[in-house]
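The listed protein sequences derive, respectively, from chains A and B.
Here this note's numbering is used: the first residue of the first sequence is 1, the next is one more, and so on.
Here this note's numbering is used: the first residue of the second sequence is 1, the next is one more, and so on.
Hints are supplied without guarantee of correctness; some may be wrong.
What the hints assert, rightly or not - Below are the EDC-like pairs computed for lysine to aspartate or glutamate, each with C-alpha atoms no more than 16 angstroms apart in a straight line:
1) A:Lys108 to B:Glu232
2) B:Lys259 to A:Asp117
3) B:Lys165 to A:Glu126
4) A:Lys29 to B:Asp396
5) B:Lys228 to A:Glu69
Everything labelled a hint here was simulated from the structure, so no lab data went into it.
It should be emphasised that the depicted structure is a prediction, and the values quoted were computed from it without experimental measurement.
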Amino acid sequence: MRITQGCFSFLPDLTDEQISSQVDYCLSKNWAIGIEYTDDPHPRNTYWEMWGNPMFDLVDPKGVMMELEACRKQFGDHYIRFNAFDSTRGFETVTMSFIVNRPKVEPKIRMIRQEVDGRSQRYSFETVR
Amino acid sequence: MNKQTEIKGKDRYKAGVLKYAQMGYWDGDYQPKDTDLLALFRITPQEGVDAIEAAAAVAGESSTATWTVVWTDRLTAADQYRAKAYKVEPVPGRPGEWFCYVAYDLILFEEGSIANLTASIIGNVFSFKPLKAARLEDMRLPVAYVKTFKGPPTGLVVERERLDKFGRPLLGATTKPKLGLSGKNYGRVVYEGLKGGLDFMKDDENINSQPFMHWRDRFLYVMEAVNKASAETGEVKGSYLNVTAGTMEEMYRRADFAKSLGSVIVMIDLVIGYTAIQSMAEWCRANDMILHLHRAGHGTYTRQKNHGVSFRVIAKWMRLAGVDHIHAGTAVGKLEGDPMTVQGYYNVCRETFNPVDLERGIYFDQDWGDIKKVMPVASGGIHAGQMHQLLDLFGDDVVLQFGGGTIGHPMGIQAGATANRVALEAMVFARNEGRDIKTEGPEILRAAAKWCKPLEAALDVWGDISFNYTSTDTSDYAPTPSASS
């Protein structure tokens, strides 16, 4: 099942050239890029593993693309995403996030229903392979 | 005796009737203080009524004045309690209409109460006989006053963190038909829309708890749909559960149930009233809930240029009162809205500081004192074929709601949702790449439609639909067309 987190998951998988064009956009806005990876795409899994700190003060997208290559070498069968951080007062969080690598076979997310009072259900999710 | 000069001393308090200007409600030399609330009214005085006296009357009737002199004023620091009209100027190109600026001392207002603010500013004055019509165009709310409000319970920044959605507008749709579906059928529409790619589905303003669908049934089926769609996509999803009801007690009951089912968002209508809105904001702050406001009813007083309250003022009040979403117009859809005027509303919702911008109807600098930002919602007669215009007009921080444009899709609701999501992502991607989406938009959409059948079908059905009517509420400073293609 295709996980559709991130802002470009409904487009065909991005080529490296396309990824680089989006990085260029982020750098032009002075956003720092952080690379993160995980094998658990649970919708509430907020903290993916960091591939180093977000890269501040970069001017050339090549720096990010090299790190992506290195990350792919080690975690090529994981999800990898780019997060762009905006430090502007009144914002100060991730401002853009998109998936740049997917595992060959994506896991499923199973919804678990727990009967509570009346007809109410308590819902939870579990990543299954 | 000069009718426009304040009378001082013993004569001021002789029993009888004085002109408002003579009572001290006009002061052309007044320099507003940083802590004053400022209001801009558009007034149309009756024939023969002097504009300055009319402005003074507005200041008087919205602060301390009554129709005659009262000696009890002298027990108070009346000079400071009097609002002061300090500037009057003709509205460009609209004979008989005047802009009048009024300053109010901060002491006149209770902290954190929109009800108190509005009881003063729009309480009496709009029925005042010497005026044919009056409209509240804009307000400057001093930071000292802004800080007495808690503002949006969540704010658009934290909303994005909670939803884990960044870098693009959010997508929604209103479940249709808005009346008549059973709970089970209703949940089906919600599931299809969310699974197809929308972030949110939405109850409409008048779906509460009618004979065809009890509210608990709707909430139960909708949350089944929301969670199932979440599992199918790996994304956080939501559906605005409308908790609008006849009493606060009932609204709290419904909101509590929404929370117990795990909803991330609840919804209210503007017609519940300012105090009820502030109470629901309190509830949402205590319960980690996003609060969606549907501006039901606003058109009765915001649309006509010469009388009522501008929506930009309502938006300011609602940012203080504390809502996370507010419907703020589409400019290109089926409902009233001149593009630049609508952009002005969006700026009121989203900026930390609004500079004066007459073309967008912003008459005062407004410092928001770090109060959270409201996510504007564009809803009403918009479709995938307008994606480039919507993104160009409103940027990323907006919820784009395609109700008919999702549910009416010839290949089904999921396909309708997918068409919208693909159109959106393709347009954001192209903009970031540096393409000029305003002119290349249709081409970008057609290119995406080559590999996305649902988008192709959407463009074939709706590509040419536009709503080209002249707007009623337009800027007085630069005529802007409300064309939508």
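### Query
Which earlier hints turn out false for this structure, listed by number in ascending order?
3, 5
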